[in-house]
Amino acid sequence: MESLSKRAKVLTKKPMTLAERAYLPAIFQGLSITMQHFFRAATKKQITIRYPEETRPFSPVFRGLHVLKRDEAGRERCTACGLCAVACPAEAITMVAGERKKGEENLYREEKYAVSYEINMLRCIFCGLCEEACPKAAVYLQADKMAPPRFERDEFIYGKDRLVEPVTPDNRSKRGIQLTPEQADKLRSQLA
Amino acid sequence: MTLPALGWQGLVVLVVFGVSLLIATYSTYAERVIAAFLQDRVGPDRAGPFGLLQPLADAVKLFTKEEFFPAGANRALFVFGPCLAMVTALMSSAVIPFGNVLQFGETAIYLQGIEINVGMLYVFGMVSLGVYGIMIGGWASNNKFSLLGAIRAASQNISYELAMGLALIAVLMISHSLSLREITFQQASDAPFVWRDIFNWNVMKQPLGFVIFIVCSFAETNRTPFDLPECETELIGGYHTEYSSMKMGLYLFAEYINVFVASAVMSVLYFGGFNFPFQSELRNWLVSSRGLELVTAQNIITIFGLVGLFAKIFSFIFFFMWVRWTLPRFRYDQLMRLGWTILIPLAIFNIMLTGGLITFGVIK
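Here the protein sequences line up with chains A and B, keeping their order. Using the working numbering, the first residue of the first sequence is number 45, and each one after it goes up by one. Using the working numbering, the first residue of the second sequence is number 3, and each one after it goes up by one.
Worth double-checking, as some hints may not be accurate.
[Unchecked claim] Ranges of calculated distance between the beta carbons of each label pair, as one might list FRET restraints: (1) A/R51 <-> B/E69: 57 to 67 Å; (2) A/I77 <-> B/A61: 49 to 59 Å; (3) B/L24 <-> A/A86: 17 to 27 Å; (4) A/R100 <-> B/N76: 33 to 43 Å; (5) A/V130 <-> B/T66: 49 to 59 Å; (6) B/L284 <-> A/E98: 25 to 35 Å; (7) A/T61 <-> B/V297: 52 to 62 Å; (8) B/D335 <-> A/A191: 23 to 33 Å; (9) A/I77 <-> B/T109: 29 to 39 Å.
[Said to hold, decoys possible] Listed below are the simulated SDA-like cross-link pairs for lysine to any residue, each with C-alpha atoms no more than 25 Å apart in a straight line: (10) A/K89 <-> B/G167; (11) A/K88 <-> B/A38; (12) B/K63 <-> A/Y95; (13) A/K180 <-> A/I169; (14) A/K145 <-> A/E209; (15) A/K88 <-> B/G50.
Hints listed in this document are in silico derivations from the structure and should not be mistaken for laboratory results. Positions of the beta carbon are idealized from the N, C-alpha and C atoms, including for glycine.
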């Protein structure tokens, strides 16, 4: 029968040579192989990541824990339109919209804002569709943070207290475009 | 022996005891680090710098674990087994000459637990007795796997002791002495060429005997590739299946002490013991050029020899571990075939060869 691939090997069962039967040469061969590994481990940098001290670097496109962005003036960008909740295939996002009162202009960017905004991290599949759906560039999945393990289920429901990014600029998430909607509109019209 | 000399000798015995335990302790650490390095891993590095406190952590763990007695076990023998394994392992290091004599004025300290003129037989007796610890522990566990492991250990040790003893007879034919100290002294030489010190080591006269001896000592200490008594794939844990807590620790410890003693015996019998190359030149240089007294020079040589012997021992221990993480385990019939049909005939051939070489004056 013709072989389908040319990789088939004809096995020959030759009697072992004296060196093979003595077994010692094979042992020394094996010893030299393990010794090479020993010196490699002892001299080169080991590939082991010593976890609590070292962490594996995240990919720049990693989709981790969500953040609700603020704009350059420190106001929440989210306008509670609900597009993220609609886009979410896992139905992890719920929100309650409210109207901005007079005197809250420094807190909320738009006239409507999210009174509460919750993401259930146990439901979330971290697909990033909410990020794509958001017209206000408000919700992002951070590339450098993960939802940490917790003991209770309700601790996985993240409210605004844990989602909105801190006001201080150095604690802001690096993820997400820093364009204002006006700039984005301009860009879009230029592209069209 | 005067009373102060007896006191010093007692101190030496205590030190030998402590050093055996210390080396066994750190063998566990070394084994794990070497295993890790041979497999491109890191090994224990959490406890202390470079994980050096790992043995302490292990000891604390073993001591605090539950003391477990299987149902139907013979409690007295169940405790006695690991004790016997440990005691015999520790006792065999008593006759090993770790160094020559240290002379301080009147007092001479021999760096050896006790010098007896049948030292080699003593070591052999102790090593053979060691298998009783395994036998008793395995039998007392009331467990099929333990018993199988113990029986394997016994038959394996008996088989390989034969070849080991026959390999040793060839050494005796050259040395005419059973005293380990005497054998060490005979390996120092005054022949006038550069590598004479190393050429006078018994391994140069008995290369075949040494190979037989080292293979047998792997089997005697139950180390891979001959660790059939604790073969996990077939026997769970072998003779220590039912053991936990520090009784288990004693078995593991006894194994490492046996490795240490086997390494020491091989260094003494075949690798010149505390002799090291150029020792007489060093002594002469210390006396003539540095103007030291002969006694002081000898003391310095003794210290060097002690360090040298431990270097040899550590390289053997490393070799034991290196082999363990390189070779797979033998099958039981392969083990027996190797012992009875290859090693014993080879050892007998080695005796005849040595006899012939002595008769024709090639070696003396």
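Quick rundown of the hints versus the structure:
no. : hint                          : in the structure
1   : A/R51 <-> B/E69: 57 to 67 Å   : holds, 59 Å
2   : A/I77 <-> B/A61: 49 to 59 Å   : violated, 34 Å
3   : B/L24 <-> A/A86: 17 to 27 Å   : holds, 23 Å
4   : A/R100 <-> B/N76: 33 to 43 Å  : violated, 53 Å
5   : A/V130 <-> B/T66: 49 to 59 Å  : holds, 57 Å
6   : B/L284 <-> A/E98: 25 to 35 Å  : violated, 48 Å
7   : A/T61 <-> B/V297: 52 to 62 Å  : holds, 58 Å
8   : B/D335 <-> A/A191: 23 to 33 Å : violated, 56 Å
9   : A/I77 <-> B/T109: 29 to 39 Å  : violated, 52 Å
10  : A/K89 <-> B/G167              : violated, 46 Å
11  : A/K88 <-> B/A38               : holds, 14 Å
12  : B/K63 <-> A/Y95               : holds, 23 Å
13  : A/K180 <-> A/I169             : holds, 22 Å
14  : A/K145 <-> A/E209             : holds, 22 Å
15  : A/K88 <-> B/G50               : holds, 22 Å
Violation of the numbered hints given earlier is confined to hints 2, 4, 6, 8, 9 and 10; the remaining hints are satisfied by the structure.
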